[in-house]
Every structure is written in C-alpha cells, then in structure tokens.
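Engineer: In order, the protein sequence lines correspond to chains A and B. Going by the numbering used here, the first residue of the first sequence is number 1, and it counts up by one from there. Going by the numbering used here, the first residue of the second sequence is number 911, and it counts up by one from there.
Please note that a few of the clues may not be correct.
Stated by the list, open to error - List of simulated lysine to aspartate or glutamate pairs, EDC-like, C-alpha gap at most 20 Å:
| id | chain 1 | residue 1 | chain 2 | residue 2 |
| --- | --- | --- | --- | --- |
| 1 | B | K938 | B | D1049 |
| 2 | A | K878 | A | D594 |
| 3 | A | K781 | B | D1748 |
| 4 | A | K738 | B | E1166 |
| 5 | B | K1126 | B | D1184 |
| 6 | A | K721 | A | E652 |
| 7 | B | K1648 | A | D637 |
| 8 | B | K1760 | A | D567 |
| 9 | B | K1760 | A | D555 |
| 10 | A | K656 | A | D555 |
| 11 | B | K1225 | B | E1166 |
| 12 | A | K850 | B | E1759 |
| 13 | A | K845 | B | D1690 |
| 14 | A | K738 | B | D1740 |
| 15 | A | K175 | A | E456 |
| 16 | A | K639 | A | D594 |
| 17 | B | K1648 | A | E441 |
| 18 | A | K552 | A | D377 |
| 19 | B | K1648 | A | E456 |
| 20 | A | K850 | B | E1612 |
| 21 | B | K1050 | B | D1090 |
| 22 | B | K1449 | B | D1321 |
| 23 | A | K845 | B | E1009 |
| 24 | B | K1014 | B | E984 |
| 25 | B | K1648 | A | D567 |
| 26 | A | K335 | A | D353 |
| 27 | A | K105 | A | D139 |
| 28 | A | K738 | B | E1114 |
| 29 | B | K1691 | A | D838 |
| 30 | B | K1755 | A | E849 |
What the hints contain is simulated information worked out from the structure, not anything from laboratory work. Everything numeric in this text was worked out from a predicted model, so none of it was measured.
There are 2 protein chains.
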Amino acid sequence: MAKKTSKKIAPKSAKSGGKRVHFFGNGKAEGMAVAKTEGERKMILGGKGAGLADMTSAGLPVPPGFTISIPCCEEYYILGRKLSEQTKKEVLENLAKVEAAMGKKLGDANDPLLVSVRSGAARSMPGMMETILNLGLNDKSVQGLAGKTDNPRFAYDSYRRFIQMYSTTAMGLSKEPMEDLLHAMKHKLGVKTDPEIPAESLKELCEQFKAFYKEKKGADFPQNPIDQLWGAIMAVFGSWEADKAQTYRRVEKITELKGTGVNVQTMVYGNKGDKSGTGVCFTRDPNTGENTFYGDYLINAQGEDVVAGIRTPLKLSTLDDKLPKAYKELCAVRKQLEKHYKDMQDLEFTVEDEKLYMLQCRSGKRSPVATFKIAVDMVNEKLLTKEEAIARITPEDIERLFYPVIDPKLDRKTLTKLATGIDAVPGAASGRVAFNAADAEARAAKGEKVILVRKETSPEDVGGMHAAQGILTATGGKTSHAAVVARGWGKCCIVGCEVLRINYETGVMTVGDKTVKAGDFLTLDGGTGEVFLGELTLKAPEQPPAYQILMKWCDAIRTLKVRANADTPYDAENAIKMGAEGIGLTRTEHMFFDTEERRLAIQEMIVADTLVARKAALAKLLPFQREDFVGIFTAMDGKPVTIRLVDPPLHEFTPKDDAGVNKLSQITGISAADIRHRCEQLHESNPMLGHRGCRLCITYPEILDMQVTAIIEAAIAVAKKGIKVFPEIMIPLTMDKKELQIQVTQARALADGLIKAAKSKVKYMLGTMIEVPRAALLADKIAEVAEFFSFGTNDLTQMTMGLSRDDAGRFLPVYVATEKDGGVGIFKADPFQALDQDGVGLLVKLGIEKGRSTNPKLKVGICGEHGGESSSVKFCHKIGMNYVSCSPYRVPIARLAAAQAVIADKKSKK
Amino acid sequence: MAKKTSKKIAPKSAKSGGKRVHFFGNGKAEGMAVAKTEGERKMILGGKGAGLADMTSAGLPVPPGFTISIPCCEEYYILGRKLSEQTKKEVLENLAKVEAAMGKKLGDANDPLLVSVRSGAARSMPGMMETILNLGLNDKSVQGLAGKTDNPRFAYDSYRRFIQMYSTTAMGLSKEPMEDLLHAMKHKLGVKTDPEIPAESLKELCEQFKAFYKEKKGADFPQNPIDQLWGAIMAVFGSWEADKAQTYRRVEKITELKGTGVNVQTMVYGNKGDKSGTGVCFTRDPNTGENTFYGDYLINAQGEDVVAGIRTPLKLSTLDDKLPKAYKELCAVRKQLEKHYKDMQDLEFTVEDEKLYMLQCRSGKRSPVATFKIAVDMVNEKLLTKEEAIARITPEDIERLFYPVIDPKLDRKTLTKLATGIDAVPGAASGRVAFNAADAEARAAKGEKVILVRKETSPEDVGGMHAAQGILTATGGKTSHAAVVARGWGKCCIVGCEVLRINYETGVMTVGDKTVKAGDFLTLDGGTGEVFLGELTLKAPEQPPAYQILMKWCDAIRTLKVRANADTPYDAENAIKMGAEGIGLTRTEHMFFDTEERRLAIQEMIVADTLVARKAALAKLLPFQREDFVGIFTAMDGKPVTIRLVDPPLHEFTPKDDAGVNKLSQITGISAADIRHRCEQLHESNPMLGHRGCRLCITYPEILDMQVTAIIEAAIAVAKKGIKVFPEIMIPLTMDKKELQIQVTQARALADGLIKAAKSKVKYMLGTMIEVPRAALLADKIAEVAEFFSFGTNDLTQMTMGLSRDDAGRFLPVYVATEKDGGVGIFKADPFQALDQDGVGLLVKLGIEKGRSTNPKLKVGICGEHGGESSSVKFCHKIGMNYVSCSPYRVPIARLAAAQAVIADKKSKK
C-alpha cells in the first residue's frame, strides 16, 4: 500500500538558550534541574541519563560524564541528520568538565580519558540502539593506556573492541569480516577464548581491523578523538530510526517518544583482570518477585559480554566470595535505590580493581507473578500505598498471569525431555520449530504456533520473537537479550540451553541422538527450563496469592460493577471464578448451534412458510433454551443475568452443505430445491445492517414469545428450588421507541402471565441494547420504555464510524499505524480494541445523559468487547455507567481498570 | 409476515353533552358553530357536511337535513358497531326539525318525507363509501308519493331503487340477482332502457325484490322508516372499514382520519321528468384550468346515474337551453362559491321541476396543468395572494406535470389508431392490456407496464387502477369514477370510449376488425382521448406557462438555494432548465463506466500491483475526467459545481465476466487467474461500510492526485475561454478531522501548484460530505479543515439507523405500514424517501451547529435523495442549510418546498 508523504511536522526543538547537555559527576548532576519529577526528567534526559543523574546526586559511585538531551536528537533529524553548532559547543564544554573531574584528557598520549557513548530513550528499549565503548583510543593513546595501566593486553583489547564497535556502529561496516579476523587469529594461535589472545596479537588485530576499515571506507580509521566523539554521537542518534528500533517501538506500541538521549561517560573497566568484573542485577527476583538480590556477572569482562549472553555468567550471590567489598557496597546501593524509587530496580555495575561503579539504574522488567508479589510486598513493607500499588499494575500484567502451563495432569515421567536450560521467563509454549526470525514470522502468518530456536538472539530477531509462542536459546543468561525481551512480553523463554547443537544451514538441531527439524513440534516449560519433544496440552495456570490480594484491593476501591459475557453454565461458573458480579450478555443464538437437534429446529423455523409451522419449530427449541437458562441461573445464584434475544440474521443458521440441506428436507418435507431457494433469499448485501436483532421479532413475534417463555419458565423453575434468580431480558438493535415498546409490551404481558399462573414471585427487567446510533440519539425517548441500557459498542462502533469490522483490515491498519510505520496515524488505536472516545464515546455519553434525563433509575452498562479493555473501562467509569461486561478472561482487567479509574479520579480532584 | 395485534387505541369519542348531530335548512346551519374554520369543521362534520352547512348558511338552495358528526362514527366502532342512545336521540330530534321544515313526515302514507343518507369524511373518497337514496318509502308511502306527485311511475321507480340500494348496501345482499330481475323485466317488456319501464312493471319489480329479500334474509323488507334510517346510518358507518375504503386510504396515504360523517337530507328528484335533471360540475375546467363552467348532467335521472358513468351524460353548456332558469341560478352559485372558498369547486346539483337544489360542494380535483393555471389566475383575479397560491401547490402537482406525452416527433398519421374516447386525464401511457384489476396488479408486480381496460370502473378496481400506467373505459364521462380517481393521481385516463367491445371472459377486446388481447400493447393519449395499438415512445412534456410563473414566484420567496445532482454535461444542461442554481453532486465514478476504454483504465488501476503501474493506469483516466469536467463547467457557466472524489468500493469496477477478465489480462499482461484472484480479494462482507470513499485516497493517494489534477486543469482551461468556473472539491465518507486534513492538504498543494503554474486565477473550495455519524458528531473539529459540508443523507440514514437500503425491503415495509395494513407503524414514512427528522435529522442539525461553531462561514448543503423530497427540504430550510441538491427532475419540487418553508415560517411567526 502506497502512502503519501506529508510534510514533516517539526518537533519541539531544543530552545536556543536552554541548556542541552548536562554534566554529572562528583556527587552533582546538572540534569536534576531540567524537571521536578523523575518521569519528566526521563522525557528530556532519557531513562539512562535520568538514572545516572539521580544516582550521582544520591552520592552513588557513578563515573563522571554528561547527557546530551533528547531535544538534541529531534533537532538532529530536523537539521537533516546533523548536529547543531550549539550542541557541539555544549558537548565540548561538558567534555572539559569531565576531563577536569578525572584529571585526564581525551586522546592524551600518556594517560588518556576514555569514554563510553550510549543511547538512552525515555523508555527502555533494551539492545535496540547503539553503544560505543573505549572512545578516545587511537594509535598513540593506546600506548599511553598500556603504559599507565601497565597492561598492554588490556589496552589493545580495548582498542580492538573500539575499532570494531566504531566501524560497525558509527560507520556502518558489516560485523562479520572483523569477527572472522578475530576467529582466524584465535585459530592461528590455537586458543579458544578471547582472553587467551596475547597483547601482541591484539595489536596485530588492531592493524588488520584498521586496514579493513581503510579498504572499505577509503580513509584511515579516525585518530582524532573529537571526530570519534561526533561520529559516535551521530551513530546513537541515527540508531533511533534504525529498522530494528522502529520495529521494537511498533511491537511495544511506543508512540509518544521523540528520540533518544546520548550519555557520554568516563569508561571504567570490568576487564582489567580478576579483581574486575561487570554485572547486571535486579533488586528483587524478577521472575518470582521474592525480595532477594538477583543477578549475573562476569569476572574480567565488559558489560556487553553479559548482556549479549555470549559467555554464560555467574550468579550474583557468588560475588560476595570473589569481590566482597564491592558486593557489600552493591547491597547498600540496592537498599538505597529501592527506598528512593519505591520500585524494583535493574542495575548495571562494573568493578574496576575492586572499586564499584554504578553505570545504570532503571525500573526493572519483571514477570507477571513478580509484578503482583512485588507490589503487594512493597505495600506490606510500607514502601507503597495500596492505591500506588494498584496504579502500577497494567492490564498486560494480568493477561500474562493467565498464560498457560503444561497440563499438570500429564505425567512428566512419560514425556520425552529434550534438554533443560535456564528458566528465563515462566509460562509454557508449544509450537513448530523455526530457526530464524523470518521463518517464525512466516509460519505465524500462516496461523501456525511457533517456537523460535536460536543460538542467541539479537535485536534483529525481535519480529520473529514477537511472532513466536516461546523462545529457546542455546546461550545466554537470565539477563541476556532473549530473556529481557521475552520477559517484557511475558513470553515463555528458556536460555543457556547449552546442549543444543543448532545448524542454521540445514535447519536441524541435535541433542545427543535426538534430532529436531524446522517445523517439528517442541513444548517449552519456562517455569522449569525444560524442553520437551512434541506438542503437549497446555492449561491455564493457578492464580498466585499476591494477585488475589491485589484484586481484592481493587474490588474494595472500585465503584463500577464488572460482569461477564457468558453463554453457557460452564462460562457462567468461569465468570464467577474470575470475579464477575453478574452476566452482562448471554447470546441466546449460540445455544442454537450446540447440537444437531437444535440446529435442525432453528433451520426448520427458518424455512417454515406458515406461522403454524414456524411455531411448531420454535416449540422444539423451547425446552433446549429453558434448560440452558436453568443452568445459567443456577450457576449465577441470584446475580443478575442479562439475556439478549436472538440477534444475528437468520442466514447464519441455514445449512451450509448438501448433507445439511437434505437432512432438513427430510424433516420438513420441503424439497431440497425449495430449501436452497429460501436460504439464498436470505442473502444480504450488508448483513450487518440487515434483517437481524429485534427486527426479527418485529416480523416474527413468535420468536420473542418462545424466548421470553424459555427465560421466564427457567427462572420460575430455579426460583422454586430456592435459588435466587434475576433475569434481565435484553432486546437488541433497537432504533426507535415504538419498536421497543411493541416488544416490551408483548414480553411483559407474556412474562407476567407465566409468573402469575405459576404463583411465582420472580422479578425480571426489560431493557435494550444501544448499538444503533439513532438509538443513542433518541435515548431519552427509548429510556421511557426501557429499564436498562447496555451499550453494544462493537456494532455501535461499526455504524458510528461506518466501519465494517470484517472488512476494515484493508485500510484500518494504515489509519492506526504512524507515518514512520507506513501509516497516516489518524487513530491512536484500533477502535475495535479501544473505544473511540472522541466519536463513539461521545455518542455513548450523550445516550446515557439523554436516557437518564427521562428515566433517572436507568441501569447502564456496556457489553461490547471494549468492556474488557482498560482505557475503555476507565471511560465507562467516567461517564457514569453502572457496569461493564466482558469475556470472563478479561474480567480481572476490567476490575483493575475500574479501580484505577477511581484512583485517577481522586488524584485529579486533589 | 405475521404481525402481533396490539390493543386498539380508543379514538376521541363524542363528548357526552356536546352536540353530535347538526341540522341545516332554511338558511341556517347548526354545524357552522362546531368550529371557526372550514378545515376544522370538515374534521367534525366531514367534507360534505361542512359544505352543506356552508352553502345553507350562505343562502343557497340546499334541501334541509342534518349531519351526524364524525365522532359518532368513532363511537360506533368503540361500542362494537352500535349506535349510542344519545346519537339516536339527537337523530330523532333533528329528523323532527327536517319534518317541520318540509311539512312532511317520514313514512307518511299520503305525503311522505323521503331522505338520502350519504357518507362524508373529512377528505373526499369518491365512490368509496355508501349512499342510500329515497329512504322513507314503504308499501304505503309509495302510494302516497304516487298520489301526491301524480306520477306512479316515478314513485315505484324510486321505491325499487330504494329496495335495491338498501338491500345491498345496508343488508349486504349481492347486487346481481336484482339487476338480473330488472333485465328480465326489460326483456319481457321488449324495452332497452330503464325509463321505458311502465309504473305497473316497476311495482311488480318491487314485489319481486321484496320476495328476493325475504327469501335471503328470512324476514320482510323493513317497512318502518325509522328502522330503515338506523340501518342506513349503520351501513354508512360500516362502509368506513370496508376493504375498498381501506385500500383507497392506503393508496392515497390517508392516515389522519378517524371515520366518516353521515348526511341525512331531504330527497329532491332529478328523475321526475323532463324538467328535472341532475349533474356534477366544476367551477373551472379541471383539465385545463380555464375559467369556464364545466360539467355533465342528465335529464330525468338521479345523481348516481351521472357519477356511475352508466349513461353518457350531456355537457353542462347545453343546460342553458334545456333548463334556463336553473342554469342561471347555477351560474350565480358558481360565482358566489368561488369567492367564498377561493378555490375551484366541485358541485352536485339536482333540478326538480325546474327548481335548482345544491347537494354538494367541495374543493374540486384537477389536472396538474389546471392546478397551476387556476392558482396563477386566482392571484391575477385577486382571489389569492401569491403566497396562498404557492402554499396550495403540492409536490405531486409538479411531479404530474412532468408525466410523459407521446413523442411529438412521431407522425400521428403513421400510427394505428384503435379508437377515440373522452380525454378524461391528460398525459400519455403505454403498456400491456389487463382487463381486470387483479391481472393489472399481477403484471405490475412482475415489472410490466399496464393499461387497465374496463367497461367501467368501480371502487373495487382501485388497486388495479393504481398499478396501471393508464386507464381506459368504454363508458362514463369526465366525472365518472375512473376519471375522478385517475385525475387525482394525475394518471392518464380515457373514458366513454364506446366503440370498445370488451369480453372479460375471453380476455379479448375488438374494435371493428381489430382485436386486442390481454397482454398486447396499447398506448393512450389522455390529452386527445386517442388510443393507439402498440408501444409508442413517450417523452417529457413542455412546461405550461402558469407553472413557469408560479415557480418564479417561489424563487423570489425562498432563501434556500437549489442545486442538482448531475454527472454529465447533458445532466448539467437539464439541471439548469429545471431551475438548478448549481451542481451539488457530481459523481466522478460514473464517468469511469462510460466507455470500454475508461472501464479498462480503471480496472488496470485496480489490478496494478505497483505504484508505478497504478499511476500509469490513472494517467490514462486523467484526460477522460478532464474532458468531462470541461463539459460540465462550460454548461454551468460560473455556477458552483461540487465534484465528489471517487466513492464506491473498487470491486464495483472489476470485470464481471470472462471476456472482461481476458481483455484486462491482455492489456496488463497479468494472468487471468491473478486478475480473478485480485477481484475476489476485493469482496467485502459489508461493502457499505468497507474500503470506499476517502479511504481509497488514504491508501491510494495517487487517485486523489489524478482527480484533483483533472478538475483543476479543466477549470483552468474553461476559465481561459472566458467562462466563469467555480469547482467545489468534495471528499466523501470522512470520519475524522485528521483524515480530511491529510487529503485537503494534499489536494490544496496540488491545485495551488497547477493554478500558479498556469498563471490562472481560478478559485475553488475544498470540503467534505458528512455521511458517517462520527463526522456529524465531530463536525466542530472537521469544520476546521473544511470549507463546506454536504450531508450525504442516503448513507447517513443507513448508518445512523443501521439500515442497509439494499436489504431493508425484508422488514422496513412492516415498520412503515400501519397496523391496519399488516405493519406496526413504527415510522411514518420510508426513511430513505423522507428524511427521518427525529433521528437522522437530529444528527444533521447537530452537525450544522457544531460545524458553524468553529467555522461560521461554513457552507452547508445536502446531496442525498432527500434533497428533492418536500418535507425534507423544508427541514433543511429550518435547520439553516444553504442549499439542497437533488436529481434535476426533482429540482422544481425542491424550489416549491423551499418557498413553502419560508411561507410557513412567516405564518408561525405571526
């Protein structure tokens, strides 16, 4: 699909005069002044920059540096990928401050200052943007570094890493040739790992790399450190618009960010020897939420080695043995930061010659279970109020809680276990193996479930990771790229499964004598790290205690009731388990499909050509419907049950094949040809706007009679057993008061007659769905004859926006996608997922106001799928609905959103 | 389709204490007091009763009598078809007044008072309800009448007529057996006409009739005149609900009436001999509107003989010779009544022994031409103001003006004329012959055009008459049943075509040696009374001068502009002829279907799978579109032309057969299979709500480029020739401000560029259709980027009401039809014909208010089919639109309605 490029709307640029670059070091951070709150600072400094400023001013050991703010990145793009003179000026000023703080100069031949250059957007995008380390090295300063540290191997290893990173990241050369040179060197030396390469060989590698650079770029590798700095800064800015970063933002629905900040920071070295190391840790266990210190580190390594997952790291608890001083300091930092941020933190640290340096601090990603455990624990620890804890939970946290586990009934001993890896993200997944992202995406597009199996993942794999049900890697730890990304999505992930022998070229993986080909089934248990052959049955998990506690807090706060949509006694029971306070929508027509007997009865009704024949067919359906209602009423035990009378157009029930037609012909005695003719007659050009909903009962009032009889007889029967019952009969697709009045009058006469004849005291209500725009516009009239309204926002959205849900796939994605993603960004979200508050919402609000203007007692709810979507539920609260109703599975999300709406209310009133 | 019977809603009954029965006679009429205005009096007394009261109090010679008011009829039905005691009491009191006025007694054996009993509803329903004459005759009083008049023949003729009418009308016996007895008597006597039967034989006939009555009813024919009176009154009330009356009201859309009045009036006799007669006349010629006295009469006849059309009557102008005194009096009456009613009147009179009596006076039905001529003449005669004249015209009057005539280019000499009859209603019609109403309706239902041919028509034939294109009868005059009914509908009608020999049984008609069978084609010229064999070409007629004058008056009064929908230069020229002040809707896609070359180019665009290929196909369409626009702009000569960009979903343009697919494959080099696949891909579940309108230009912006280029290049070219040009580019199906803004920005950049490059000064506007409910709801936002709104009320109705126009036929008729007609009466009119003011109209009003709130200069119009429907146009005026646009043919109707809206405005402000 082509799209028109419209003029780029200029983003807010860095105001001239305003400070653009912010120094941090020596316990002071200029960046703290850019805004009052952490959140606002992040929008200017980026997450990493804000964290560095925060840690610095909190007195933590942060190597000095400066942050180039996000507005500079916006400006960079406005100027056509150029740095402004003002930015450059401030960078140089701040560089001078760093040099002063460290007593070293960038490029100094004797004792050079080396810096890292890292990206940092307002939201974490792990591994998506570029980092360059060891900047400042050149042919001369590398010698100074070697001399000053008395460690030539360290100096040349740093230099070759810098040349590699700079050449690929800043200058766009491909990675493989230099990796090949490195491997060749190891091969020549007969060594296996990088640390085994001696200084001289590293020096030789540096020469090879520079020669390669010159061959490719036609110029010498830049020796001027300031030139290196500009190149690195621009590389970071440029990485904001790289494909992988754009894909990540699209997948994560990150739309509000304008660019990235750049952090230039004095290098510290975890790779200086055995008293050095580097690590990544979480202040609590990100998988279970336990209040234990959790992380990985590597001795004698740079940070990238841990994150990339190339070497399998050590558990943090062992650091106390290896570097006890640093470990103690780190524990103190952990406490201080949790108290400060009131949240579990994700930290990066480096120990250089036993001295601890903090390099990063941010809110840590965590598993759904951990999310609830941490929130509830922090309330108990008085770090948070209940309201703060609730406000922090997202709908996705709940969704992910319900991710499946391997059926507990399966005897694990009977399963064929392929291997056990590191349990990076819990949950289970089953699917066909894909060995690369493209294959994973292709299989998913065909509707297959996929397990992505990789040696290690990199940001290029994000699309395939998202498409997969689960991820399995041969290398890496719990903080590797695969683990971090998968955890963010709550997607089952096993890493460091080192026994896997993967051959990408042949598409085959072996473990001992077992062979797995692309397309074969695997099942992962992310909770145990086990990998099984074949497709195992998955089940919904048990709900953890912290979740139950937090949801009770939500229930205590919220004022909006939450019901579920349920069509069967089974659904109804499930709805109650999920916390539903009633049923907001029972679709009676689903009952017609249940068995062949029922299908034939409804078909008989449809092909009947006389009232008598139609009534006879309906009489066959009556006991089925009554029986279903008895089950539902019994399950709901006095909670209200809204039953919608038949809604879809009749052609949805007609036989779809010859066998069906013949069977119906046999039963009815109507010829097959006549039946086919009748079915064809039912075809509609726009069935959405056709002969359906209450229009069916206007033309065939005997259908209403049958359904109301079934409902009321069921209610009477259940009530007789001493069970409370409260049916709400709902008439769909109303567009006019008189239309509703005719049916309400008919239904009430019938229902009251049945109740009186049975000497029962059953109470019931009669109301309508508001799903046609006209009904919302005339809600004041309609409310005169309705006891309740239930907004059917699925259809209301279709009609109000003129969008057929079935067809909108052709163009709606273009409307929703941003310009950068090839769309036009007309809507912020798919209006069938999140209620279009501006348009459809306006009509809903108007409908409620008008309805209550003539009927102040009017009960109002929503039963479209929006009833289980967080932003929509909050809107429903705001406009004064009595309840929302959604699928049982989404009931907890609605409960949470309803509580959050109350909290937001209070906040806005403060 | 079954329908539920709902409780009958009780009509307003005659208030006890209020007067129910109203005397008139001797220059005084009690009925004048029931209400102040003629219109209100009609609602209580009925049209006939009000006319009799009016004429009586005006001093005209009206035989004394009394009117039983319409509320008594309502009461009659509420009581289960019974007369209340109060009504009976007042009838007897008033009968006594009549007896006193006449000095005679009902049933008196020597000199009996005889009365007629006639129906009279508030609106004329000619021939639909019952009349009984000569009531009061019995075996004794007939002798008294014979003695008193010294005319036994007259007395027994009157008695036998009374027995016939009473037996059939009041007692429900069938007509044929008594007609057979009458024929048998004539046969026995060897005479041909009724007047030739001598008194003795008539007396014998009376005995035969009474014997027949006794045989059938098991009782003697009622001899008590009071019993006769009750029977007759109940017969009239009962006739209100007779099938034929209900059919007539449905056809005429009469819904507001509650029942009929009954007029009991002293009999006067046109059948007393050669100095007596009876007639029906119009104060002006109802066909041409000429200010001449016009009518028919028969000497020695009763009124029913004239109306039934059994005897062919004489022209009124000859009455001066036969009964000069009565004629002079009648001419005076004519003048007096026209002055009084300020309208052409339809009169019934009887001359008894040279004395004139007036029996009825009502506003006369007239041809469309006459409608305009009379209205304009009366303004010139100072009887009416221009505003009164305009207010009196109906949309149907205009529609009927445009009924066809036989193509004037046909040489009449070459046509095969079958016969010439009386030119009862002008206009021409062509169709297949049907000899009975059922056949006419059946053929029409199949889509055939029908000419109904009958010896004479009766109220039972109304359904078939309505279904037919034209009506031809062998008997009857211009005031016969066929002529009056057809004239009311403006339907071509020829009566009194006595040469026709029709055999109903064989379904064959002969004229001399020519034979016409049922199903053969006939063409009628209602203007000349000629009947031609075969199907002749019909053409639109010339517009009469009075019509032109009246429309100019409308134009001077109205404030709402009227435009036309036109897609071609031909349409545009026609629109101007019809008085359009611009084009409100040019559908550009219609241009794509025009030639194979164009069709192929658009198809090529659709199957193109690259932007380049799509642009190449569009480039082929560009010159065609430009050429069309040049034609339209030239025709409109500076009047605004609103051009809608492509609107329908692309699948409407795809090839529909193998030949089309192959041709397209040949041109594009794309395989036929691929083309078919692409076409199938375009299928939509609900195309109305699919990928269409401006959604196409959001996904394919190059289509917008092509269309805007064609429009602006055409405008520049036309402007260069010195012709003024004002295009308004209209973007359809907008649902969001940003969506519109993207396209407006794109179009404006392109258009301004073209205009600047051509150094032209062409002005244009950019606006949108409001047809999606969301657009109306967010009109304040959308108006910020639109210069005009055009409400597309066809689609807006579909979406607001959730009604697919293509599918609504299954149930909408039930919604619109009244309960009596098997419907439920939810809507007063089909919302696709007359704008649903309550619902859709509310949204339109809201849209205008919101739109003007942010853009006070916003130009607002309507371009749905409602723009040519009278009540909708008046609504558009009321809510402040700038213009309406409709099909050229309906432009005059919109002009009239717009003027009437202003007049109604002024009236309501008084």
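Engineer: Would you list, in rising numerical order, the hints stated earlier that this structure does not obey?
Structural biologist: 1, 2, 5, 6, 7, 8, 9, 10, 11, 16, 17, 19, 20, 21, 23, 24, 25, 26, 28
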